[in-house]
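2 protein chains.
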Amino acid sequence: MTFRPDESAPRRGTGRRAAIVGVGLIGGSIGKGLRRAGWYVTGADQDERMAARAVAVGAIDAIGTDRSADVTFVATPVGSVPAIALEALAAGAAAVTDVSGVKASVVEAVAHPRFVGGHPMAGSELDGIEGADPDLFAGAAWVLTPTPVTNLDAYAAVHAAVSDLGAEVVHVSPDRHDAIVAVVSHVPHLTAAALMAVAAGHAEDEQGPLLRLAAGGFRDMTRISAGQPGIWPDVCADNAGAIAAVLGELVAELTRIREAVLGQDRAGLLHTLERARATRLALPARGTRRPEDVVEVRVPVPNREGVLADVATLASELGINIESLETADATEYERGLIVMVVDAAAGHRLRDALAAKGYRPLLGPLG
Amino acid sequence: MTFRPDESAPRRGTGRRAAIVGVGLIGGSIGKGLRRAGWYVTGADQDERMAARAVAVGAIDAIGTDRSADVTFVATPVGSVPAIALEALAAGAAAVTDVSGVKASVVEAVAHPRFVGGHPMAGSELDGIEGADPDLFAGAAWVLTPTPVTNLDAYAAVHAAVSDLGAEVVHVSPDRHDAIVAVVSHVPHLTAAALMAVAAGHAEDEQGPLLRLAAGGFRDMTRISAGQPGIWPDVCADNAGAIAAVLGELVAELTRIREAVLGQDRAGLLHTLERARATRLALPARGTRRPEDVVEVRVPVPNREGVLADVATLASELGINIESLETADATEYERGLIVMVVDAAAGHRLRDALAAKGYRPLLGPLG
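Protein chains in written order, with the working numbering: chain A, 6 to 372; chain B, 6 to 372.
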């Protein structure tokens, strides 16, 4: 379909217009980013003070509901998305998208050619409109979930807006999106909780030793269980089918491993661990960096004040960007260890400079 | 029993003597640490060049087998420990201990009152005698596994040596040790591999999107699966009973959670997640620091060169020790985030200083 926007509404540089329903952290960041890219942005929120703050902080040009916008973003909690999206579509909105973390149920509930499910894979430690940031989505993946009935103009309009926010579009079917987030987010979260439950069961009789011996790997694997549990019952309800399916796969895999342990199947265990290692090493380091483009520099360090500043400053002085860094909490050891990921071309230079300062750095592929 | 050492052997400051069989990283570090603490240390290794290197790097005073040493450390791979320990005990060794990662099978195989099973919870990225370090065990936990038949003098002698290395003794039964390491190390490792196997299964048809969307939590939970799998078939064989039992508990817990997801049991899920959170927050931050003694400072940052150096240098200039630090790879977000753990008393000072430099730090309890 071809959509003709209401030419009476004001326009900015690009002549494109966006409408945002729900101006919290995500909606506000979309507004700031699109305005910077030359879009004219109208916003609404059921909390009128939030809408006013959105104008004040520059997240939207005006409060209101622009039914002739090129793209309408529904940035409200998942439960309210279908009703708000259907209302906009009924009023003639050209392209409507959302930002919620599950897609099949939402896309099915809206079931409209001009609705394109969306899920930006970005967030912030900050919350609400005050945390809104035009760079929130820069370099992040943004999943769009078109279906066979999706209108191509609507898809193209949403794609253009997302691209203007600096995000990279990844398009998959709604079902596949839900399976993927179950695999990479929901089930890991529940598994961390399950590991803590098992540990708590063993700790109850004699808590001291267990907790004292919990080192790097265990800390890594349970870190996410320390987060606020508030949203998870909703997430589990919204994505129940995919989560249950993936949990079933995990239980089957753990049962298979348990049988290999009991059966002393060394070859089978080695194969499982080697396949896991290969898949893990193939994970992109961050964003679009390929594993062969970066190297890991591991530096055993004394646990003394200033050593992090010393190491990071050295890299900075050499003009080497540290793509990621973590300290020994993420190793099996209680001693200090700094693990840095840097550009492959810079690895040797950093290692040699560290060695010249008396460190004993190790250089290797990403692990 | 009371043991009289051979008074003809040379002695250092304390008059105490240790014998070490196997002078690799662990044996060599024990030698260096005990020599510094005034012990006279004799060492042997089936590789004669290793023994010679151990003398050259100052890990042992002399090559040999001191049967009248106060403590004999068997620092060889687990399979060879019982035979070497029994040989030393038959020759009259006063107190024999080992450093292997499983205890019930070893303690049962030796079955001698003067053998005390041991497991130092420390390691290093370095390997072999060249990585030996007298500080390797400083502040680390060192598990000893006495049994009802253990000779108290032998236990006291091993305890004294371990304390002289700067380690903190944790004593539990051999069975309990094996269950604990299954909970905090072996099963998490196998679970990481199982999660990767599940992910690999989903990635096979269309690898791009899945790997692109794998963010912080998933990375955290699978990081240890990127390690070399070489030792794990042995670990699984040595601790098969405890690992299978704990894997069974984990499978039961995951099955329970799966049923709660399918049954939309929000209250049950919330309870599970809240209990996991409470247990995770109760983990000591590092070593003996209690969670209430430290705070977490989270700093959203631009992904630009030098920002780590800037933040770490600021802390250093304020005289604040960064107990741990990790960058955004360990969050759900693709944007930069630095998470630091510092002394609770220093948290506000660091936050205010960061804010004064234009950062937007958040201060909170350990999570």
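For the record, the hints were derived by calculation from the structure and aren't laboratory data.
Idealized CB from N, CA, C, for every residue including glycine.
A hint or two may mislead.
Unchecked claim - Have a look at the derived ranges for each label pair, beta carbon to beta carbon:
(1) B:Gly144 with A:Gly253: 40 to 46 angstroms
(2) A:Arg261 with B:Gly69: 47 to 53 angstroms
(3) A:Glu92 with B:Arg271: 25 to 31 angstroms
(4) A:Asp158 with B:Glu322: 52 to 58 angstroms
(5) A:Ala95 with B:Leu286: 43 to 49 angstroms
(6) A:Ser168 with B:Glu135: 48 to 54 angstroms
(7) A:Ala361 with B:Ala96: 44 to 50 angstroms
As the list claims (entries may be wrong) - Among chain A residues calculated to face chain B with C-beta under 7 angstroms, some are:
(8) Ser73
(9) Met126
(10) Val154
(11) Val174
(12) Ser178
(13) Ala204
(14) Gly222
(15) Met226
(16) Cys241
(17) His276
(18) Leu286
(19) Leu368
Hint by hint, here is what the structure shows:
1. B:Gly144 with A:Gly253: 40 to 46 angstroms: holds (43 angstroms)
2. A:Arg261 with B:Gly69: 47 to 53 angstroms: Hint holds: Cβ distance 49 angstroms, inside 47 to 53 angstroms.
3. A:Glu92 with B:Arg271: 25 to 31 angstroms: The hinted range 25 to 31 angstroms holds for glutamate 92 of chain A and arginine 271 of chain B, with Cβ atoms some 28 angstroms apart.
4. A:Asp158 with B:Glu322: 52 to 58 angstroms: holds (56 angstroms)
5. A:Ala95 with B:Leu286: 43 to 49 angstroms: holds (47 angstroms)
6. A:Ser168 with B:Glu135: 48 to 54 angstroms: The hinted range 48 to 54 angstroms holds for serine 168 of chain A and glutamate 135 of chain B, with Cβ atoms some 53 angstroms apart.
7. A:Ala361 with B:Ala96: 44 to 50 angstroms: Holds, at about 48 angstroms.
8. Ser73: Not OK, violated: serine 73 of chain A not within 7 angstroms of chain B, min 33 angstroms.
9. Met126: holds (6 angstroms)
10. Val154: violated (21 angstroms)
11. Val174: violated (11 angstroms)
12. Ser178: It is violated, given that the least Cβ distance between serine 178 of chain A and chain B is near 10 angstroms, above 7 angstroms.
13. Ala204: holds (5 angstroms)
14. Gly222: holds (4 angstroms)
15. Met226: OK, holds: methionine 226 of chain A within 7 angstroms of chain B, min 5 angstroms.
16. Cys241: holds (5 angstroms)
17. His276: Check failed: Cβ of histidine 276 of chain A comes no nearer than 9 angstroms to chain B, outside 7 angstroms.
18. Leu286: OK, holds: leucine 286 of chain A within 7 angstroms of chain B, min 6 angstroms.
19. Leu368: violated (11 angstroms)
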